[in-house]
Amino acid sequence: MGMTMGEKILARASGKDLVKPGEIITAKVDLCMSNDGTTHLNIDIFENQLKAEKVFDPEKVIFIVDHNVPSESAKTAQVHKKMRIFAQKHDIPFYEGTGVCHQIMIEDFVVPGQLVIAADSHTCSYGGLGAFGTGVGCTDFTSVMHTGEIWLMVPETLKFEIEGSFKAGVYARDLILKIIGDIGANGANYRIMEFGGPAVKKFTVDDRVVLCNMAVEAGAKTGLVEPDQTAIDYVEARGRHDMNLFTSDEDAVYEKTYQYNLDELEPMIAIPHCVDDVVGVTQIGDVKIDQGFIGSCNNGRIEELRAAAQILQGKKIDPYVKLLISPASKAVFLEALAEGLIDIFVESGAMVLNPNCSVCWGSCQGVIGEGETLISTGTRNFKGRAGHPNSSVYLASAATVAASALTGKITDPRGFVV
Amino acid sequence: MKEAFKGRVWKLGDDIDTDIIIPTQFLALKTVEDMKKYAFNPLRPELAAQIQPGDIIVAGKNFGCGSSREQAPEILAALKISCIIAKSYARIFYRNAFNNGLLLLENSELYDYCSEGDHVSVHLESSQVLLGEKSFEVASIPTDLLQMVEAGGLVPFMRKRNGK
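Protein chains in written order, with our numbering: chain A, 1 to 418; chain B, 1 to 164.
In short, the hints are calculated from the structure, not lab data.
Idealized CB from N, CA, C, for every residue including glycine.
Don't take every hint at face value.
[Claimed, not checked] With a Cα cut of at most 25 Å, we get these calculated DSS-like pairs of lysine-lysine: (1) K82(A) with K11(B); (2) K383(A) with K11(B); (3) K160(B) with K89(A); (4) K30(B) with K75(A); (5) K6(B) with K51(A).
[As the list claims (entries may be wrong)] With beta-carbon atoms standing in for the labels, derived distance ranges: (6) A139(B) with Q88(A): 40 to 48 Å; (7) T147(A) with S126(B): 50 to 58 Å; (8) F94(A) with E133(B): 54 to 62 Å.
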């Protein structure tokens, strides 16, 4: 009986020839990463409770300051300071203000076939490169940072077979919202979501990351796309060459298979306050917005910025709407500058922020007030996520956010793209 | 771990996410004691002050979905919730809860039968929860996980085991 690619990665990481769903393994991790959302707690546990002295491998532990950048209070500045001192002491890679942690990991560290554990739920993003990334809390993370190992249960795998092609104005973001709407916010709980089929083979790495990043919003342990030449080219262009290209066997066992056809997909919106309350943009009705946000580990990459720029070019956003745009990383920011996208954003009236988690996690720039409505490319629309407990967050693609910022209400982007 | 205990029920709904349990705005506060005052703030701001040690949260499906932030189970443990009985849990929260000494039990029916303010009794040895005359079965929790909950979480459990 064959294995799925996720099972193969876990088998390799645990030194076994074969693993089966339900089996508990002890796996060696290839990389572990923590950001300023919780690292201060990791450091406390590491130093004061475990009384540990060394991280397991300074080349495999990465600290990234991306959640409160630049710090908005003395409290968060203190968190950053603590991370900086620890990173220096242990000689581990340290990033501050250069982008969202998952984008930096994808650009600078992850290769296909790895097992990556990080103290952030959207670690599942690395499936876009064919790596098994999964998020944990700080106790688990601290133990990994110290020992390089973690226990994991081998999950069942759900397969998502995608065919067809996106119509103009429809994106990977709409596909993953549609899938989460269909299977529910716990529809993949404790499982692997494997995305494949003829459409996904043609997807860029950015699109693949968009799909895998949101897997946790359906409860999944990770999302995965089989690595192919597209993934190989991406990592080799960034100077990384050692990788393991695991693909699922023909006779691999899936718990369930779902079929999707992109030809039938329209722009999708998740309505407050749950990621699985999803409707097509044509069913949304009249929803006035106060703010738009384009960015985050789901939708702040160059392709999303291009889609937004195409819509905003030569136009002005609604005078009573704020549009905040944060490129996912320094590299993306520089690319957007070189392509003239930043000029388009600023001229349209948008505010361009430094690369960071920003509005998506609601504790830094761009929080919204009581009764206000945000349309966002962020990962979550939980109650109070973007600021005031009585505010509303809608989730959509960068194109839908851009079109909505022009009109002041949630708007179908298909009327704005050629 | 006490094998049987009783507690007053607070009833919450489906998909109680980690941003509801502890909003991002309070994550940088210095201590769990500072943070626990804001538990469930976006949903029921008055709730944290009303929760008494030994109370039990009964919830719908997918409790703890969202962020990997460990402060979520940590503050519920600090409020001395004796356990949560939900229809189901999100996976990262499930790991984090046990790592922080918070007992999670799973049952798909209790939620629809109980009301807020009811008292239920939990019998770990028989894996039963009783509400009046009615009994509900929960999956049994392995002894070492119960010992970990009793120790207050993974780190104190390891230290205790290592005799430190």
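Violations among the numbered hints:
Hints 1, 3, 5, 7 contradicted; others consistent.
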